[in-house]
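For the record, the sequence lines run as chains A and B.
With the working numbering, letter number 77 in the first sequence gets 77, and the count goes up by one each step, no holes.
With the working numbering, letter number 10 in the second sequence gets 10, and the count goes up by one each step, no holes.
These aren't lab readings, by the way, just hints derived from the structure by calculation.
Just so it is clear, the structure is predicted and the values come from calculations on it, not from any experiment.
All residues carry an ideal CB built from backbone N, CA and C; glycine is no exception.
One or more hints might be untrue.
[Said to hold, decoys possible] Listed below are the simulated DSSO-like cross-link pairs for lysine-lysine, each with C-alpha atoms no more than 30 Å apart in a straight line:
hint, chain 1, residue 1, chain 2, residue 2
1, B, K25, B, K157
2, A, K103, A, K75
3, A, K103, A, K34
4, B, K157, A, K103
5, A, K75, B, K25
6, B, K155, B, K25
[As the list claims (entries may be wrong)] Label pairs and their calculated CB-CB ranges:
hint, chain 1, residue 1, chain 2, residue 2, range
7, A, P70, B, S11, 40 to 46 Å
8, A, P47, B, N189, 43 to 49 Å
9, B, T146, A, L65, 53 to 59 Å
10, A, K103, B, D357, 41 to 47 Å
[Stated by the list, open to error] So, partial list: chain A residues that the calculated Cβ filter (under 10 Å) puts toward chain B:
hint, residue
11, M1
12, A27
13, Y29
14, L93
15, A94
16, G105
17, V109
18, R110
19, P111
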Amino acid sequence: MRYMLIIHNDPELHPVPGDPAWDELMAGYADFSKELASHGRPFIGDPLNGPETATTVRVRNGETLTVDGPFAETKEWMSGFYIIECDDLDQALAAAAMVPSAKYGSVEVRPVAEM
Amino acid sequence: MDEALDLVYRSERGRVLARLIAVVKDFDLAEDAVQDAFVAAAGAWAVSGIPTNPAGWLVTTARRKAVDRLRRSASAERRHRAWGELAIAWDAWETPGPIEDDRLRLIFTCCHPALSIDAQVALTLRSLGGLTTDEVARAFLVSETTLAQRIVRAKRKIRQAAIPYRVPSSEEFAERLGAVLAVVYLIFNAGYLASSGDELVRVDLCDEGVRLAGLLVELLPDEPEPLGLAALVHFQDSRRVARIDDEGQPLTLEEQDRGRWDAGQVAAGGELLARARRLDRPGPYQLKAAIAAVHAGARSADLTDWATIVRLYDNLLQWEPTPVVQLNRAVAVAMAQGPATGLALLDEPTLAGVLVDYHLYHSTRADLLRRDGRAREAAAAYQRARRQTNNIAEHSFLDRRLKELAESAETAPYGG
Numbered sequence: 001m002r003y004m005l006i007i008h009n010d011p012e013l014h015p016v017p018g019d020p021a022w023d024e025l026m027a028g029y030a031d032f033s034k035e036l037a038s039h040g041r042p043f044i045g046d047p048l049n050g051p052e053t054a055t056t057v058r059v060r061n062g063e064t065l066t067v068d069g070p071f072a073e074t075k076e077w078m079s080g081f082y083i084i085e086c087d088d089l090d091q092a093l094a095a096a097a098m099v100p101s102a103k104y105g106s107v108e109v110r111p112v113a114e115m
Numbered sequence: 001m002d003e004a005l006d007l008v009y010r011s012e013r014g015r016v017l018a019r020l021i022a023v024v025k026d027f028d029l030a031e032d033a034v035q036d037a038f039v040a041a042a043g044a045w046a047v048s049g050i051p052t053n054p055a056g057w058l059v060t061t062a063r064r065k066a067v068d069r070l071r072r073s074a075s076a077e078r079r080h081r082a083w084g085e086l087a088i089a090w091d092a093w094e095t096p097g098p099i100e101d102d103r104l105r106l107i108f109t110c111c112h113p114a115l116s117i118d119a120q121v122a123l124t125l126r127s128l129g130g131l132t133t134d135e136v137a138r139a140f141l142v143s144e145t146t147l148a149q150r151i152v153r154a155k156r157k158i159r160q161a162a163i164p165y166r167v168p169s170s171e172e173f174a175e176r177l178g179a180v181l182a183v184v185y186l187i188f189n190a191g192y193l194a195s196s197g198d199e200l201v202r203v204d205l206c207d208e209g210v211r212l213a214g215l216l217v218e219l220l221p222d223e224p225e226p227l228g229l230a231a232l233v234h235f236q237d238s239r240r241v242a243r244i245d246d247e248g249q250p251l252t253l254e255e256q257d258r259g260r261w262d263a264g265q266v267a268a269g270g271e272l273l274a275r276a277r278r279l280d281r282p283g284p285y286q287l288k289a290a291i292a293a294v295h296a297g298a299r300s301a302d303l304t305d306w307a308t309i310v311r312l313y314d315n316l317l318q319w320e321p322t323p324v325v326q327l328n329r330a331v332a333v334a335m336a337q338g339p340a341t342g343l344a345l346l347d348e349p350t351l352a353g354v355l356v357d358y359h360l361y362h363s364t365r366a367d368l369l370r371r372d373g374r375a376r377e378a379a380a381a382y383q384r385a386r387r388q389t390n391n392i393a394e395h396s397f398l399d400r401r402l403k404e405l406a407e408s409a410e411t412a413p414y415g416g
């Protein structure tokens with residue numbers, strides 16, 4: 001089973017570069033990557049730039065509409081993701097709890113729909 | 001025959017279903033197959049009588065029915081899967097003697113924290129309880145359709161998100177057991193505290209709560225907290241008849257006729273609590289049961305050992321530092337040391353702030369004010385409690401108190 005871990009953060013609560021907590025957070029992410037790698041199962045994951053860098057595209061009647069900004073303006077926004085392989089939801093939830101940003105924001109766990 | 005089959009249905013369905021889910025690895029398919037097996041049993045047993053091992057017979061039959069269902073299913077994907085499951089079913093083919101007990105796994109899956117609490121309750125009652133969907137729906141005052149949808153959604157999530165079918169690992173065990181105990185206690189209390197719905201259904205829910213707590217004890221005999229929960233529900237249930245007056249109004253512990261408490265249930269609670277104590281690992285349910293045991297042991301309200309109850313609440317606060325436990329502790333302190341001491345605890349600003357919208361806070365405070373002879377303030381607090389609840393039984397209780405206050409004010413020159 002593959003699961004996507006979707007990291008949501010409130011930028012006002014999340015550490016930024018320069019904060020003492022930032023270095024700790026980055027070290028946490030390095031450890032988390034090592035932990036994932038140690039299981040020998042494929043995974044991907046990356047942080048995302050902020051919603052101010054987002055562009056949203058819609059195609060209606062064959063016409064492409066492009067607008068500045070994210071899909072929805074919210075206080076918390078998606079700041080990164082992982083896609084990991086697990087045996088079951090309990091493993092995925094345990095992994096989600098180890099995502100360093102879970103201490104500041106939240107991590108949504110969604111099973112990938114296998115077609 | 002119908003009655004005998006009904007008895008087997010109520011007592012064995014959970015065990016048979018739990019085993020089938022383990023074999024076919026599909027909640028829905030297992031449920032359908034178990035239903036088929038009971039239909040088959042109604043026909044076969046009418047002729048040959050109930051077999052010596054009905055659960056074994058049902059598991060074997062349900063397994064065949066599951067394979068039949070898979071063979072018949074139209075989609076190629078499902079047929080393909082069917083062969084894999086056929087092999088599993090074949091491997092696990094009929095072994096004489098008692099069937100493996102998978103009910104513990106089933107309980108942990110039904111009470112998985114990834115499911116909403118409503119879904120946990122509905123799934124637990126439907127999978128391991130003896131109630132029909134209609135009975136569960138009536139007990140929780142929802143339509144049968146709503147309940148059925150809740151269960152369908154929960155089972156879909158179990159499948160799509162791969163919620164595991166197993167007893168959690170040792171590091172998760174304590175927390176997850178807590179969730180299971182909470183669901184069973186919620187089921188019991190839904191019956192015990194309900195102020196609406198018909199009487200029969202409420203009794204059913206209490207019975208189910210007691211039965212499920214007993215099942216947890218049976219499945220986890222060396223865990224003290226299930227014993228604590230089982231003891232607690234027995235103590236509470238012993239007051240079932242005594243806690244309602246002839247007009248159906250709830251009576252407080254003080255007002256109840258203790259002669260009507262069910263001595264058998266009290267004794268059962270006492271034995272369970274003693275077993276829990278021998279395991280020497282205290283926990284919140286054991287402490288709540290111990291408090292209930294002190295009440296059960298008091299021949300009259302006046303003879304209650306309130307000092308012990310205060311000490312038990314002190315311990316309980318270590319486990320559950322919640323405002324409601326603090327509120328109950330304040331009542332015990334008031335009984336042990338006088339209403340003024342209890343009132344001082346209730347008026348402590350942090351607690352008062354958190355509980356400001358909770359009607360039981362105001363009715364408790366009103367009660368202590370009344371005992372302290374401050375009738376006018378008591379009346380105001382009863383009024384406030386009355387505004388904060390829509391519960392009809394609570395209203396009539398509060399109205400009775402207000403009437404009593406008004407009457408005593410007329411007769412006692414110093415009243416108010």
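Closest C-beta approach of M1(A) to chain B relative to 10 Å, hint status | 5 Å, holds
Given hint K25(B) paired with K75(A) - CA-CA distance at most 30 Å = Between K75(A) and K25(B) the Cα gap is close to 41 Å, so the pair fails against 30 Å, i.e. violated.
Hint status (Cβ of P111(A) to nearest Cβ of chain B, threshold 10 Å) = 5 Å, holds
Does the alpha-carbon distance linking K103(A) and K34(A) stay inside the 30 Å limit?
-> 19 Å, holds
Evaluation of the interface hint that places G105(A) against chain B, nearest CB under 10 Å | The hint is violated - G105(A) has no Cβ within 10 Å of chain B, the shortest such distance being about 19 Å.
Would you check whether R110(A) satisfies its interface hint, that is, whether its CB is within less than 10 Å of any CB in chain B?
-> Holds - the Cβ of R110(A) comes within 10 Å of chain B, reaching about 8 Å at its closest.
Given hint Y29(A) near chain B, where the shortest CB pair must fall under 10 Å = 23 Å, violated
Given pair status - K157(B), K25(B), alpha carbons within 30 Å = 14 Å, holds
Would you mind confirming whether the straight-line C-alpha gap from K103(A) to K75(A) stays at or under 30 Å?
-> 17 Å, holds
43 to 49 Å as the expected CB spacing between N189(B) and P47(A), which holds or is violated | 46 Å, holds
Holds or violated: is there a CB of chain B closer than 10 Å to the CB of L93(A)?
-> 7 Å, holds
Within 30 Å, alpha carbon to alpha carbon, are K157(B) and K103(A)?
-> This hinted pair holds, its Cα atoms lying about 26 Å apart.
Violated hints, listed in ascending order, are 5, 7, 9, 10, 12, 13, 16; each of the other numbered hints is respected by the structure.
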